[in-house]
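Quick mapping for you: the protein sequence lines, in order, are chains A and B. Counting in our numbering, the first sequence runs from 306 upward without gaps. Counting in our numbering, the second sequence runs from 410 upward without gaps.
Please keep in mind that the hints were generated in silico from the structure rather than gathered at the bench. Model, not experiment: these values are computed from the prediction. Heads up, some of the hints might be wrong.
As the list claims (entries may be wrong) - Listed below are the simulated EDC-like cross-link pairs for lysine to aspartate or glutamate, each with C-alpha atoms no more than 20 angstroms apart in a straight line:
(1) K474/A x E604/B
(2) K608/B x E429/A
(3) K430/A x E604/B
(4) K456/A x E429/A
(5) K446/A x E473/A
(6) K456/A x E434/A
(7) K474/A x D490/B
(8) K316/A x E387/A
(9) K510/B x E380/A
(10) K316/A x E429/A
(11) K379/A x D490/B
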Amino acid sequence: MSVTHKESGSKIVFVTVGTTQFDELITQVLHPNTLEHQILEDDGYTHLVLQIGLGVEPPIPISRRIQISCYHFKENISSDMEKASLIISHAGAGSCLEALSVAKPLIVVVNQKLMGNHQLELAEKLHSEGHVYMCYPETLKTTIVDFRTTKLQKFPRNNPVAFSAYLEKLMGFQK
Amino acid sequence: MTCERERNGYFLKKYRLPAARAEPLGIIISRKRNKIPKPMAGDYITALLLLHNQGMIRVQKVSSSTGGHTGEMVRLLSALDFRHFSPRLYLVARTDDMSAKRVQQLESSHVSTADSTVAISRSREVHQSWISTILCNGPGTCVPPCVIALLLRTLFIKRSTIVFVESICRVTTLSLTGKLMLYILADRSIVQWPELHAKYPQTVFLGRLV
Chain A
306 MSVTHKESGS KIVFVTVGTT QFDELITQVL HPNTLEHQIL EDDGYTHLVL
356 QIGLGVEPPI PISRRIQISC YHFKENISSD MEKASLIISH AGAGSCLEAL
406 SVAKPLIVVV NQKLMGNHQL ELAEKLHSEG HVYMCYPETL KTTIVDFRTT
456 KLQKFPRNNP VAFSAYLEKL MGFQK
Chain B
410 MTCERERNGY FLKKYRLPAA RAEPLGIIIS RKRNKIPKPM AGDYITALLL
460 LHNQGMIRVQ KVSSSTGGHT GEMVRLLSAL DFRHFSPRLY LVARTDDMSA
510 KRVQQLESSH VSTADSTVAI SRSREVHQSW ISTILCNGPG TCVPPCVIAL
560 LLRTLFIKRS TIVFVESICR VTTLSLTGKL MLYILADRSI VQWPELHAKY
610 PQTVFLGRLV
């Protein structure tokens, strides 16, 4: 897994909830136990960036060692993902696939409040194949600890060419 | 003549013979109706691409993420040769500006010919007679246009090919829309996980597309 360091030596944790609202995750991340004892005790995270979507802006705790910022939406979060050393994401397919495509260590947090929870299928599959760590907001802390000690499997690239080739053949374009 | 064509049309759909292609209206009355026309250089097959989103969701409805289906559709189209599928009509929900923007981003990032036209429509209805390919990947909102397309096909007005791509989120279960598409509405239904393909052998599996 690649770990990108900015020139200033900063190490960023990026939390994203996509276009949803997931206050439970944000609250857990900002909990003193997570913030000070887990995230900081790791190899020196310097920044915590929260993309909170439709969520309520949380009270930002003041920490001497880690800079915390948050925003609701950005047109494109891929640059934030690329700069991060760890991504903690809700279980939306788009966010997961985007994080996996930039090959960053990824913890996927499932929102149990979702009705019918179709996100769970994908999260469980990715977890069982070792591409991500899956957890719930309550188990986030222990997951961050466990995460350090095990390696993640590289996620294979998607193949949109297979689709376009198929469609072209179906519509009569292929030779 | 028309009865034969109806049987042919039904036969093609039921037994999944290859290449369900669009035919211009003229072929119905010409003798060439059984020949499948090959596109010649400069021929365009038009495409209708459906994007499904619930618009900006309210707090209570966190089950439907707006990013999902549009994001998948954009990734799906990333390798498509837009010169072959032109003009393109995207259907977007009325309140969904985010999807409209992503479509514009996708279109401007593609190197296509200057002649290709793109339209983004907020209506869910399909009336355009030039549509030959319908590509959809979403929830129930994609059903009405497909039903109308099927109706047009049954009435011999326009033969269009409906291709449904199930979401990457579906690993072991097919969505309700997916089942509707697979068994009734779509000519082809594509799934993205081998487990799902094994469960529904009539689907098409091409690997992970998005």
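Structure-based check of all given hints:
1. K474/A x E604/B: violated, 25 angstroms
2. K608/B x E429/A: Distance of about 18 angstroms is within 20 angstroms: holds.
3. K430/A x E604/B: holds, 11 angstroms
4. K456/A x E429/A: Answer holds: K456/A to E429/A is near 17 angstroms, not above 20 angstroms.
5. K446/A x E473/A: The hint is violated at about 48 angstroms.
6. K456/A x E434/A: Cα-Cα ~12 angstroms, so holds.
7. K474/A x D490/B: Distance ~12 angstroms between K474/A and D490/B Cα, so the pair holds.
8. K316/A x E387/A: Within the cut-off at roughly 11 angstroms; holds.
9. K510/B x E380/A: holds, 9 angstroms
10. K316/A x E429/A: violated, 28 angstroms
11. K379/A x D490/B: Distance of about 29 angstroms is beyond 20 angstroms: violated.
In this structure, the earlier hints numbered 1, 5, 10 and 11 are contradicted, and the remaining ones agree with it.
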